[in-house]
Amino acid sequence: MLFTAFWILGYHMTEQEQLEVGRVPSKDSAEALVQERNYLQEAFRFFRDFSRNRGALFGLVFLLVLTISAIFANYIFPGNPNTSFLVPRPLPPTLQYPFGTDDVGRNLLELVVYGARTSLTIAFVAGSILALLGTVVGLVAGYYGGLIDGGLMRTADIFLTLPTLPLILLMAALLGPSLLNIMLIIGITNWPFMARLVRSNVLSMTQREFIQIEKVMGASTRRIVFRHLFPNQFSLILVYTSLSLPLVILTEAAIEFLGLAPISISWGFLLNVSTHYWIAGAWWMSFFPGVAIFMTSLAFYLVSEGLKEVLTPTLKRKRDSLVVQLAERK
Amino acid sequence: MGLGKYLLKRSIIALLLIFFVATLNFVIVHLTPGGPATIFLLNPHISAAGRKIVLEQFGLDKPLYVQYEIYIAGMFTGNWGTSYFYNEPAFQVVAQRIPATLLLMVPSLILTILVGGLFGIIGARKPFSFVDRFLSSFAFFFYAMPAFWLGFVLLTFFVLFLHVLPAGGMTSISGGGSVTDIFSHLFLPVVSLTLVNLANFSLLMRSSLMEVMDQNYITTAKGKGLSERLIFFRHAMRNALLPTVTMTGLFVGFLLTGAILTESVFSWPGLGLLTFDSIESRDYPIILSLFFIFSIMIIVANLITDVVYGLLDPRISYD
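Which chain is which? The protein sequence lines are A and B, in order. Under the numbering used here, the first residue of the first sequence carries the number 473, and numbering increases by one thereafter. Under the numbering used here, the first residue of the second sequence carries the number 258, and numbering increases by one thereafter.
Quick caveat, the hints were computed from the structure, so don't treat them as lab data. Take these hints with a grain of salt, some might be off.
Stated by the list, open to error - One-sided excerpt, in silico: chain A residues whose CB lies under 10 Å from chain B:
(1) Ile-630
(2) Leu-634
(3) Ala-644
(4) Pro-703
(5) Pro-718
(6) Ile-721
(7) Trp-739
(8) Ile-751
(9) Gly-753
(10) Phe-759
(11) Phe-772
Stated by the list, open to error - Chain B is nowhere near these chain A residues, computed Cβ spacing over 10 Å in every case:
(12) Arg-524
(13) Phe-534
(14) Leu-535
(15) Ser-541
(16) Asp-575
(17) Val-612
(18) Thr-636
(19) Pro-638
(20) Leu-642
(21) Arg-695
(22) Phe-698
(23) Arg-699
(24) Ser-746
(25) Trp-755
(26) Ile-765
All C-beta atoms in this analysis are idealised placements derived from N, C-alpha and C, irrespective of residue type, glycine included.
The following block holds chain A by itself, in its conformation from the complex (with noise of 0.2 Å):
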């Protein structure tokens, strides 16, 4: 995803020499500048700005092993994680089961091995869901303006207004509990964020001269959008996805915890059942799913982070939340 990402970006080129390609209808030019890149020079520029973000390198790294380790966990951890290996009773953890075992017990550490798969496609999936439909909308809405800007915006507005929560909660609790409709619902709660972010880039872009020469020479509304507004929004894009990540975890896991999902195996689950044990002493049932699941969206914070200071270096200055990005936009 990272490596797709830069050379989109064109991370290499300097704003003036995007100008150019921009202003320079010429073919030859353009096309010179674009032979030149070196993409193995670039990748490493990239990684090498990136890592100096010890945070974000941390991240990047427990996610890595996280999403090989559900990948293989059939390898890890042979045989179905389903199979109750002691009494059917909590005991704590030992060497052997490193984080104890469940009510039922199953080994805990398998489980939240298993429970990443969970997590972790729910969170790319929703994720790329909220993306879409946010760049889509805010490209539309910023392109085109007048009553179509107005109408989209005023909807994600009321999307904002209502308690996300609830109506997740509504909306799940109504339509079934299945893998696809949580990850549809996040998706389409989450969605005006990113709408009214990509909406205000495009819309100061759309004032920028480059954009306005492509207009007065022609160009048709396909090239100036994806040659122009959507590559210069896909660093945006990037980072405020990887940003919403963290939100997407907490939702999910927030919907499995109130027992509102289908998956018996997933962080939010556990701590689910943990509620029963818990006062018998048994906090290792909660304790370490709810590690996983707060470990995981502070690695996407990090990593966000990251991507944030190389790939937007004017926000660089800020730390901030999705909300106040929102609250300096508005």
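Assemble chain B onto chain A, guided by the hints.
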């Protein structure tokens, strides 16, 4: 447009939004397969005559637009249907729980604003210093935490290991609901709700203060030789507060989400615990009523925010 007209317009928009949410509720009820009376109509023991009575009781024999009219009128007059589980009017069930939730949310909101504001101010006084980094990281640390899990950790630590605080609920049997008793029950939920929401406020305060400090009139004030402290607290603070006020409406939404989860962990008998319970018992009239009341709370919070903002900022053009 004057202030009065602005307020009127805001109120009308808020009313329209509430109307919209009520309509959404109606649509959702009728989109579910079988409609609002499903649990009665699908019962195999119910006779044809009984079916007719149920349809009449729910008003389902009338045309859709009449049903809509009755439904909307009901939403605005407190007729929110009957709870399947409690067999009481949904409005009554929900209304009983509101004070407990407010008792949790209001102190937490005040604490978040005070502590978050303080964090933001300290951070913005010396940006990127050690203290600033520490406070930002501290707020961020809890921001990334699931609200319900933080509750568990606090419970485990204070209740299981230290045995100092009660495990949940609002009053203990022996304490009998005295102020200190309620306070000891309130302490952990409020702390966990505040910690989770702290970053929203402190980071916003900090960044808006930092932005204001970059403005030209601050440079002018410095050039006049005013003291750093005076500039910071008199010139910068006032303007930095504005974006923060704008976002308070949104904070109430986050706080509400946090409250639902926190209440379920601490068995705090408010709207959040009711949400948790009614989802488990599939009590749809209650779930819908809760959605309606949560929406109203957020819409009202946004309205208050708009009004305060209008009063605070003389530059606003009221349109």
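### Message
Need the list of violated hint numbers for this structure, in ascending order.
### Response
4, 18, 19, 20, 24, 25, 26
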